[in-house]
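Engineer: Residue numbers (our numbering), protein chains in the order written: chain A, 0 to 113; chain B, 183 to 292.
To be clear, the hints were calculated from the coordinates, so they are not data collected in a lab.
Heads up, simulated SDA-like pairs for lysine to any residue below, C-alpha to C-alpha not over 25 Å straight-line:
1) B:Lys227 / A:Asp84
2) B:Lys224 / A:Gly27
3) B:Lys224 / B:Ala284
4) B:Lys227 / A:Tyr103
5) B:Lys227 / A:Gly57
6) B:Lys224 / B:Leu256
7) B:Lys291 / B:Pro192
8) B:Lys184 / A:Phe63
9) B:Lys184 / B:Ser208
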Amino acid sequence: ETGVTQSPTHLIKTRGQQVTLRCSSQSGHNTVSWYQQALGQGPQFIFQYYREEENGRGNFPPRFSGLQFPNYSSELNVNALELDDSALYLCASSRYGVRQETQYFGPGTRLLVL
Amino acid sequence: RKEVEQDPGPFNVPEGATVAFNCTYSNSASQSFFWYRQDCRKEPKLLMSVYSSGNEDGRFTAQLNRASQYISLLIRDSKLSDSATYLCVVGHTGGFKTIFGAGTRLFVKA
Numbered sequence: 000e001t002g003v004t005q006s007p008t009h010l011i012k013t014r015g016q017q018v019t020l021r022c023s024s025q026s027g028h029n030t031v032s033w034y035q036q037a038l039g040q041g042p043q044f045i046f047q048y049y050r051e052e053e054n055g056r057g058n059f060p061p062r063f064s065g066l067q068f069p070n071y072s073s074e075l076n077v078n079a080l081e082l083d084d085s086a087l088y089l090c091a092s093s094r095y096g097v098r099q100e101t102q103y104f105g106p107g108t109r110l111l112v113l
Numbered sequence: 183r184k185e186v187e188q189d190p191g192p193f194n195v196p197e198g199a200t201v202a203f204n205c206t207y208s209n210s211a212s213q214s215f216f217w218y219r220q221d222c223r224k225e226p227k228l229l230m231s232v233y234s235s236g237n238e239d240g241r242f243t244a245q246l247n248r249a250s251q252y253i254s255l256l257i258r259d260s261k262l263s264d265s266a267t268y269l270c271v272v273g274h275t276g277g278f279k280t281i282f283g284a285g286t287r288l289f290v291k292a
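Okay, chain B solo, but in the shape it has when bound (with noise of 0.2 Å):
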């Protein structure tokens, strides 16, 4: 079983619509978490962090569950320019590894 596993898409949506990401993690010690977009054959570019009592950036939210080791990403009224990867990114204190979710593809449509 992989460390942090996500929706593999993709997602194709059309404009306007909403979409949200799963993602779980097998680690119960980890203790950072966040959302990175990366663009076809660029760099992952942060997104937001991630918090226990849930966060929100304009059109994103981001929800955090301890207990059932799961994260989610929610995209609001999608734009053709949300067309990206999303990658769940959970941290370890102690060595400082991080894990990579393989990523979830979105296509949003005119």
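Bound conformation, chain A alone (with noise of 0.2 Å):
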């Protein structure tokens, strides 16, 4: 296992509704990038924080917003759902560095908005 814990499961939300949803990055990692994959497809990159800062962002809308917390956790929080943010969202924890360094990737949360 990658260390990399994320909560909830699943979800079921309305459209129009909030979520948040958390990740726990794998020890001695200070990275936390989220990915929105739809059915049949790859991950998306929605955006990474280092430093409880956005370090870069995907083609997403700014409703996709996110938290980095001092020690290295974090939030996706998502606004105004629509039924298209249907999806596995996933986090990855890695080390900051001049490469991209290898992502370790959490069991992710399986949002359904109806």
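Join the two chains, each given in its own frame, into one complex according to the hints.
Structural biologist: Spelled out as structure tokens, the structure:
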């Protein structure tokens, strides 16, 4: 196991609601990245957090936001949920470096928006 | 055009076969390359990093061609347990944006 944990494992919300997903990084890792994976697709990069600041962002609207805490854990917040937000949300932890370090993924949170 | 493109698959092969997956990327500034494996309804797991000189790990061989912006993965002597989706991953410095391909599904049959 990677040591990366996520909560909750499953979640059902209705359109327009807000959701917060949580991720604890692997020991020794200081960077957390979030991904959205729709069924049959590869993970899509949402953003990355390092030193409690956003350190890169993919093509996701501002209603996707995040936080990183001093212990390197992280939250993903999604406001005004839409049906298309239904997906597996993955977080991955890594060590910050000049090169893209290997990322270790958590088991994911499955979000269903009705 | 997608930034990382893979063979869509699925690949159906018998046990013991050799199978090759191809991946192309569009951003010449890409600096890190990986293959991940994802089992059904599980998280992706690192299979191997890909280096310019090529690298091998047991039955798995990865190649990188920077000039053609092409990455490959070769699996020899396929096992039933190799059945999974294989994801090509490209990383950039500066923002550390990481791009995953859509994945290639492999089915190995007895």
